[in-house]
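Q: Numbering (the working numbering), first residue to last: 2 to 148.
Think of the hints as simulated: they come from the structure by calculation, not from any bench.
Be aware that one or more of the hints could be misleading.
[Stated by the list, open to error] Here are the computed distance ranges between Cβ atoms for each label pair:
#, residue 1, residue 2, range
1, Pro-131, Ser-40, 19 to 29 Å
2, Lys-113, Lys-80, 32 to 42 Å
3, Arg-143, Ser-68, 33 to 43 Å
4, Asp-41, Thr-139, 30 to 40 Å
5, Thr-117, Asp-78, 19 to 29 Å
6, Ser-83, Leu-114, 39 to 49 Å
7, Pro-131, Lys-80, 21 to 31 Å
[As the list claims (entries may be wrong)] With a cut-off of at most 25 Å between alpha-carbon atoms, the simulated DSS-like pairs for lysine-lysine come out as follows:
#, residue 1, residue 2
8, Lys-80, Lys-144
9, Lys-82, Lys-144
10, Lys-80, Lys-147
11, Lys-147, Lys-82
All residues carry an ideal CB built from backbone N, CA and C; glycine is no exception.
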Amino acid sequence: MKNIHHLTLIGLLSLFCVVQAEAGLSGRFITSFGGISSSDCPWVVSLSDTNQTFHISYRYDTATNSSGSVSVDSPSDWKAKSGWFIFIESNERIWAYDGGSSLFLQVATPSKLGPTCTSYGSRSFPCPVPDEVLARLTPEARKAIKK
Numbered sequence: 002m003k004n005i006h007h008l009t010l011i012g013l014l015s016l017f018c019v020v021q022a023e024a025g026l027s028g029r030f031i032t033s034f035g036g037i038s039s040s041d042c043p044w045v046v047s048l049s050d051t052n053q054t055f056h057i058s059y060r061y062d063t064a065t066n067s068s069g070s071v072s073v074d075s076p077s078d079w080k081a082k083s084g085w086f087i088f089i090e091s092n093e094r095i096w097a098y099d100g101g102s103s104l105f106l107q108v109a110t111p112s113k114l115g116p117t118c119t120s121y122g123s124r125s126f127p128c129p130v131p132d133e134v135l136a137r138l139t140p141e142a143r144k145a146i147k148k
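With these hints in hand, go ahead and build the complete structure from the sequences.
A: In structure tokens form, the structure reads like this:
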């Protein structure tokens, strides 16, 4: 009986570690300048305190055992103002809000030969804006988003 409890406990701990690893940076808000990356998350984010802009890269491995990254810089009208943030929703979606009227979405669609990355903003998106993001937008920015 004692061995069964140990095996159950080990199994639960292993499951917890897998869930934690899958979570990576997902659900994380970035609100300070600098850079952030994690070995278990494909997104690499850097924010310039000097220019008030962002640079986002999506790292990937391909079926041919090579790796690479796809990068995007903030749109020309995106400058960090009071209330800005970047939100890593998942390994496929990352949001950037400038604190004013510009909301930006980068979507990565994984494939065997490398991801397809598409940028959206600032009013029309291919998916619902997460509640966590909506809650931090100004009323004007929320109102401007097309449903």
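Q: Any of the earlier hints contradicted here, and which numbers?
A: none
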